[in-house]
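K.L.:
Each chain, written out:
There are 2 protein chains.
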Amino acid sequence: MDSNILNNLQLTKVAVSKIDTFDFENVKFGAKFTDHMLTCAYKNGEWGALEIKPYAPITLDPSARVFHYGQAIFEGMKAYKQDNNDIWLFRPDENFHRFNKSAIRLAMPTIDETRFIGGLKELIKVEKEWVRKGLGNSLYIRPFMIATESGVIASPSSEFLFCILLSPAKSYYSGKIKVQIADYYSRAANGGIGAAKAAGNYSAQFYPTKLAQEAGYNQVIWTDSTHTHLEESGTMNVFFRINDTLYTAPTSDRILDGVTRKSLIALAEHLGYQVKIEPVKVEAIIQAAKEGSLKEIFGAGTAAVVNQIEGFAYKDDYYELPNIADEDAYALQLKNALTKLQNKLTDDPFNWTVKI
Amino acid sequence: MDSNILNNLQLTKVAVSKIDTFDFENVKFGAKFTDHMLTCAYKNGEWGALEIKPYAPITLDPSARVFHYGQAIFEGMKAYKQDNNDIWLFRPDENFHRFNKSAIRLAMPTIDETRFIGGLKELIKVEKEWVRKGLGNSLYIRPFMIATESGVIASPSSEFLFCILLSPAKSYYSGKIKVQIADYYSRAANGGIGAAKAAGNYSAQFYPTKLAQEAGYNQVIWTDSTHTHLEESGTMNVFFRINDTLYTAPTSDRILDGVTRKSLIALAEHLGYQVKIEPVKVEAIIQAAKEGSLKEIFGAGTAAVVNQIEGFAYKDDYYELPNIADEDAYALQLKNALTKLQNKLTDDPFNWTVKI
Ligand SMILES: Cc1ncc(COP(=O)(O)O)c(C=O)c1O
Ligand SMILES: Cc1ncc(COP(=O)(O)O)c(C=O)c1O
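Quick note, the sequences are listed as chains Z and X, same order. With the working numbering applied, the first sequence corresponds to residues 908 to 1263, in that order. With the working numbering applied, the second sequence corresponds to residues 908 to 1263, in that order.
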């Protein structure tokens, strides 16, 4: 960490916090934000000073590159407050490195650890009252970077804005979801930007997801370019349990290298489950569903942590998964182990949690 | 056209035009804009009133969907001024329909012809002094739509802004370009958004294009998911001339259905050239280059109209195209025929030009 950068951080506080009017009991994910945000501008080949200032609109030229060429990336992570008021981040180095990996793929500048992680810590210190105690409460963190240079020229911007927003989050039981396996649409190309947390990847999914929802499913599970292998869901990696083995696809240039995915793999192995990281054939999953050896499918991502799947559609058929008791569900065992670790309610043998 | 919508257009003029300080001789493509822009907001399931107002920044919440999920599309078209001061659009119906096709694929609302084409005509009437006469001069038109709803929730926005910017353009001889054939990176997936003029498609190309430029090439020619077929370039469709036959790939869900491409196909047939629309194998083009039957490759798009290619790299080899006399080059014959038609210097047997 470069202490100069942090010493030069410009802090402007709101006159009156809006925290007293915030309903922490009824929180809609990602809808409302805390009093302040962190910003940092990139210009003339370098990042400028960090600023923490009142949450406020961004003003850009209508020809700004982000509006026309989608040069925009983001991250998603969470902070948790322990009963003793300590606040913890979960594997922030992973998000920091992935952010820079996304930046490179989108021809955007990388950012230093001091501005990303150091800046985030300063922001959370200012907003510490917004992080609530208790299992299920967290602060969702949204770092993002957008191309701000004006001019409708299809080439990389030379000016960017880095920004971090904070949004209080509450876990809620959303129920099991039904998914549809993609057999025509795709979210990512071979040699494309699927492994980057690039803005454009998400809008690409909206229309096919809408079609799936109109057909009665909550989400799409994306497949590879030949639609024969299962890859990931909209904002989650996916795990398949056949008998007592957990399968998940290896990451590639099409698949986001999820922090929850890699943490669950480590936790599952720690708990003694067998985990296999290998390509997952659509055919094999259908076969297992027919034979009854397919016990569980679940998604894994920062927002929902783990999302159990109750059944999947493929072409004209729907396959329902068995109703497994909660205490036998790998999905829930892993979710429980991970959220307790994140909330400092158990040991952290992996050293994943970082104190602010 | 719905005359009510046009009658309710709100026009706010600039106090002082900046046209006198604009250097029409030294124009950088897409860098500077006229005095006014057209805007229209979508909210509660419907488009609002058209507004023509001074060109000005856009202010959005930092959590606006366009910044995080890339829900943004655009179009590119041109207007030309005849010697008698009439101003003409070129096939605006094509851009209008493609815009709505892009909108559907990105889960954005379609827009009516009155707001898109009618609104554009009103804007150009206000800005008519900015359209300059003379072959080579044009007004570049940039309609675009962005998702403006706030909230970092990966789902379609329910609020949007439609906007049209105008930028004076001048054709200049950029020279022939060298291209690299993609053998690893891709711009679009099977079942992806390549056929949409979606913002995210462009940022996906920046990094591989930068690598190509560092290796000494101007542009990448993208290939299909197996990297065996030639598809299109960054902002141009591509034509290949083998002996006296022109080949170009059929459009698909990976390839933008270019207006210049389809116009050149029609013009080429009109001029008696043989044109074949069929998948173009990388192997076949290399074979033709080796045999000497590959006479020309050129890109076709609104910005440059036609861009001649002098050679291409594939993996470790570079293939130079023969030096063809200007008067024998299909690329230049077609460019000449098309730009004359667009500028009303010849007949328009296709009825492509539309008077404002
Ligand atoms: C496409 C995609 N896959 C997977 C994930 C899960 O990643 P993580 O566990 O790091 O949140 C995300 C995260 O939001 C995502 O956007
Ligand atoms: C990806 C892509 N291909 C081809 C083209 C050419 O299309 P048009 O001739 O309509 O300008 C464009 C246009 O800018 C484009 O962005």
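By construction, these hints were calculated from the structure, which means they are not laboratory data. One or more of the hints may lead you astray.
[Unchecked claim] Computed list of lysine-lysine pairs in DSSO-like fashion (alpha-carbon distance at most 30 Å, straight line):
#1 Lys935(X) <-> Lys1117(Z)
#2 Lys1197(Z) <-> Lys1169(Z)
#3 Lys1262(X) <-> Lys1008(Z)
#4 Lys920(Z) <-> Lys1085(Z)
#5 Lys920(X) <-> Lys1035(X)
#6 Lys950(X) <-> Lys1077(Z)
#7 Lys950(Z) <-> Lys935(X)
#8 Lys920(X) <-> Lys1117(Z)
#9 Lys1035(X) <-> Lys1085(Z)
K.L.:
Evaluate each hint against the coordinates.
P.N.:
How the hints compare with the structure:
1. Among the hinted pairs, Lys935(X) with Lys1117(Z) is inconsistent with the structure: their alpha-carbon atoms are about 41 Å apart, more than 30 Å.
2. For the given pair, Lys1197(Z) sits about 29 Å from Lys1169(Z) by alpha-carbon distance, which is consistent with the 30 Å threshold.
3. With a CA separation close to 49 Å, the supplied pair Lys1262(X) and Lys1008(Z) exceeds the 30 Å bound.
4. Our distance criterion of 30 Å between C-alpha atoms is broken by Lys920(Z) and Lys1085(Z), whose separation comes to about 45 Å.
5. A C-alpha spacing of about 14 Å is found between Lys920(X) and Lys1035(X), which places the hinted pair at or below 30 Å, so the restraint holds.
6. Only pairs whose Cα atoms come within 30 Å are accepted, and Lys950(X) paired with Lys1077(Z) is accepted, the gap being roughly 29 Å.
7. The suggested pairing of Lys950(Z) with Lys935(X) holds, with an alpha-carbon distance near 21 Å, which does not exceed 30 Å.
8. The hinted pair formed by Lys920(X) and Lys1117(Z) fails the criterion: a straight-line CA distance of about 41 Å is larger than 30 Å.
9. The suggested pairing of Lys1035(X) with Lys1085(Z) is violated, with an alpha-carbon distance near 55 Å, which exceeds 30 Å.
Violated hints, in rising order: 1, 3, 4, 8, 9; the structure is consistent with all others.
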